[in-house]
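Two chains, two frames, some hints: make the complex.
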Amino acid sequence: MHWIDIPENFGFLMKGLLITLKLALISTSGSLIIGVVLGILRHSRLFLISWLAVAYIESVRSIPLILFIVFIHFGALPYLTGEPSSFFDSACIALIIFNSAYIAEIIRSGLNSVEKGHIDAAKSLGLNRIQRLTYIILPLAVSRMTPALVSQFISLIKDTSLASTIGLIELTRSGEIIYERTYHETEILIFIAFVYFLICFGLSKLSILLETKPYMCTENKEPVGANQ
Amino acid sequence: MYNFDASVIIEAMPVLIAGIKITLFISVISAICAFVIGLITVFLRTMGTKPFKFIAVSYVEIIRNTPLLIQLYFVYKALPAFGLMLPPIWCGILALSIYTGAFISEVLRAGINSVASEQYQASISLGLSKFQTFRLVIFPQAIRIIIPPLGSQFINVIKNSSLVSFISVTDLFYSIYKGAVDGFRFFEFFITGALIYMLLTGVIALLTNIFENLFRIQGRTAKA
Chain C
1 MHWIDIPENF
11 GFLMKGLLIT
21 LKLALISTSG
31 SLIIGVVLGI
41 LRHSRLFLIS
51 WLAVAYIESV
61 RSIPLILFIV
71 FIHFGALPYL
81 TGEPSSFFDS
91 ACIALIIFNS
101 AYIAEIIRSG
111 LNSVEKGHID
121 AAKSLGLNRI
131 QRLTYIILPL
141 AVSRMTPALV
151 SQFISLIKDT
161 SLASTIGLIE
171 LTRSGEIIYE
181 RTYHETEILI
191 FIAFVYFLIC
201 FGLSKLSILL
211 ETKPYMCTEN
221 KEPVGANQ
Chain P
1 MYNFDASVII
11 EAMPVLIAGI
21 KITLFISVIS
31 AICAFVIGLI
41 TVFLRTMGTK
51 PFKFIAVSYV
61 EIIRNTPLLI
71 QLYFVYKALP
81 AFGLMLPPIW
91 CGILALSIYT
101 GAFISEVLRA
111 GINSVASEQY
121 QASISLGLSK
131 FQTFRLVIFP
141 QAIRIIIPPL
151 GSQFINVIKN
161 SSLVSFISVT
171 DLFYSIYKGA
181 VDGFRFFEFF
191 ITGALIYMLL
201 TGVIALLTNI
211 FENLFRIQGR
221 TAKA
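Protein chains in written order, with our numbering: chain C, 1 to 228; chain P, 1 to 224.
Be aware that one or more of the hints could be misleading.
Unchecked claim - Stretch-level coverage of chain C by chain P, calculated; a stretch enters the list once three of its residues show a Cβ under 8 Å from a Cβ in chain P:
no.	stretch
1	9-15
2	73-79
3	95-107
4	162-173
5	177-189
6	194-202
Stated by the list, open to error - Capping the alpha-carbon separation at 27 Å, the derived lysine-lysine pairs in DSSO-like fashion look like this:
no.	chain 1	residue 1	chain 2	residue 2
7	C	LYS158	C	LYS15
8	C	LYS158	P	LYS77
9	C	LYS15	P	LYS77
10	P	LYS159	C	LYS22
11	C	LYS15	C	LYS205
12	C	LYS123	C	LYS22
13	P	LYS159	P	LYS77
14	P	LYS53	P	LYS130
15	P	LYS178	P	LYS77
16	P	LYS159	C	LYS158
17	P	LYS178	P	LYS159
18	P	LYS50	P	LYS159
19	P	LYS178	P	LYS130
20	C	LYS158	C	LYS205
21	C	LYS205	P	LYS50
22	P	LYS21	P	LYS178
23	P	LYS21	P	LYS130
24	P	LYS178	C	LYS158
25	C	LYS205	C	LYS22
26	C	LYS158	P	LYS53
27	P	LYS53	C	LYS205
What the hints assert, rightly or not - Have a look at the derived ranges for each label pair, beta carbon to beta carbon:
no.	chain 1	residue 1	chain 2	residue 2	range
28	C	ILE4	P	VAL36	38 to 44 Å
29	P	THR49	C	GLY202	25 to 31 Å
30	P	ILE55	C	HIS2	46 to 52 Å
31	C	LEU52	P	LEU207	25 to 31 Å
32	P	ILE9	C	TYR135	39 to 45 Å
Hint data in this document are derived by calculation from the structure and do not stem from the laboratory.
Note that beta-carbon positions come from the ideal geometry of N, C-alpha and C, so glycine has one too.
Just chain P, with the same shape it has in the complex (with noise of 0.2 Å):
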């Protein structure tokens, strides 16, 4: 029977907590900056003229149908050759943002889609500019309806900032990592990892929870 010590756990803490650090660290900065280039990106596809909107669609569709791996990779390893040397930590918020942008804007033009065409062609004729019948009609109304979406990509954030560990970022990912191989210690590592995983995880789902009931607008429910 595989004898269980859970006392090198506690030996670990210190190492433990600070990749937590470093991971929530990576986590909020690339959410952050993603949420800023899906916005920019789902304007320019969704009120930009065509040559906007052929990029947005294009760096959306390269950037989904790739993996965070490769990204990961050829920001540390192949941007150094055309002359841009980031600490690996910014190449791993770098890949991040731009991963998670990408998604970020499939669900920012779910819910734009959502909103009603005829609110948009009213809010023309009323004589708004198209950036401020994005800004003042169809995101507000969006952003409530997408807000469980939303969340589900700051998780995969979470969730795919382990992979940084492979371009050298001491993450949380990464000290469990160490600390299993350390002592051949696999299964209280791995439930250690598992639950501290879970936890970031299921606050963002809290959270999520929270500002949807927050931000609701009595009798108005989201189209399907």
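Looking at chain C on its own, in the form it has when it is part of the complex (with noise of 0.2 Å):
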């Protein structure tokens, strides 16, 4: 086992991981602007507005994201701008515009799952639409939805791997660039799915920490299970 060639590129790695967090960090945080959107949208009253938001919804959940990666890279944005587009750039619009989708539908169960019971108490005890949507459903959805957000974020960061096959050095790419050399592929391999592992794991569990009780909720959950 060659071990060593992990240490002596450390700071390539490193370097490589940030771009790959940089990444995550800022289309999780254009893809959440775009999917509170979508999610509002598709409950609109207007018809073609509503059908407008589910078919963009549905058609995106439908397609591979390297599809979109590639072809808004090598297709659509040098078309669009007439000049080379920069790895991050496109690999950045591709995953927000695949995980707006995911988010949308995340905020709509998420405003679904709210009990028509607890709309029509806050509308019986007078207040309006904006205190409604303030004080009684957003802070029953907003932690009815943290879970599924935090897992849709954790398969972002998986899902940045695939802006290494435009040609972003983030961390996978920069792993496949130290194993081209030296051809120790297995070692190079173990290590970044480690980095990956530690990142993801890391978040799902702090996640489960974070995880606030609904302080109105009010159905009861047993313990149900077999293993229990």
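Below is the structure:
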């Protein structure tokens, strides 16, 4: 085994990790904004708007991410701007387009999960639309959406590895560059997988810690299951 | 304005159809293998003894928290160092089955947890063994509940199978990409590829709906 490759190239790998994290953070914030807008548009009373939102969400969700990355990088962006696109920008745009559809679905299911009784109660207490949203619906919906949003963020971090295929030197690509030179694929690949694992597993454990109990939840969840 | 030329698609049709065949081949075999792997994993996790449980949990967590691309590269580039040389297409199938198996086992576990624990205790007290309990009581109820998430996992298999083109398998994504770069016809091939993938995943979604209605038991709904 040639584990010495990893400390020798540690700085280079960490530079790649930094770009992976930057890509993940920027595309998460972008897709969160677009996803929220889409999720709300889906609830619109105008048929055309809600239909367009549904069409966008459903079509994006059934196309592989790699198709977006490759064709935004080589097709759409160079055509629209007239010059070669940067790796980072095209990966970012592709990830935002892809993830916003998933986040819109999470937002929608979170908003739908609020029981009608709560809204009726709020109405009868005389709260207006905005107050119902800010005091009743959002606190309940956000606490229920948090686990799904975190797992979507985790899958986005994993998906950033696809940006290596167009040449962005993030964690995966920097590892590839090293093992294309040394031919010690096993060690590098295990190390990269370990780094991804640490980030994603850490985040998923963190989300369990952060998971807040909804303070107005009336449903009583009994522990069920064969293994309990 | 971009001049849209649909004739390049017609010319590339034989290549695309060959790609679809390979994509379907990989997806179907990996979906079946992944289901079997998921079933074994979830059985070990819910009914197994401590060491088996530990193995199952660590398998699921490791696979779920690392990118599929890394796993594909690992199977394709690192396993030959351990003496396992597979043709690229089987490397793709192996990696996809292992990856999806972990996700399917999580889906199955959610289904099993939604079956009331009284039934488990009742069947144990009736003298059924653990495997019989799993096979006769828990599984038939769980599988009905999890048909929709299972269908979405099968859709994910089709989408994820596009990554095998990076380990030199000439699947659908590869043929789309090749057609696009050969003549710089990105928009035509992107739209065609998107439509083909939407068609494939749409068929799975439709089948999921049909199966869900087919296996529904009157008056029984899933616990939230």
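Against the structure shown, which of the earlier numbered hints fail to hold, in ascending order? 1, 3, 12, 18, 19, 23, 30 and 32
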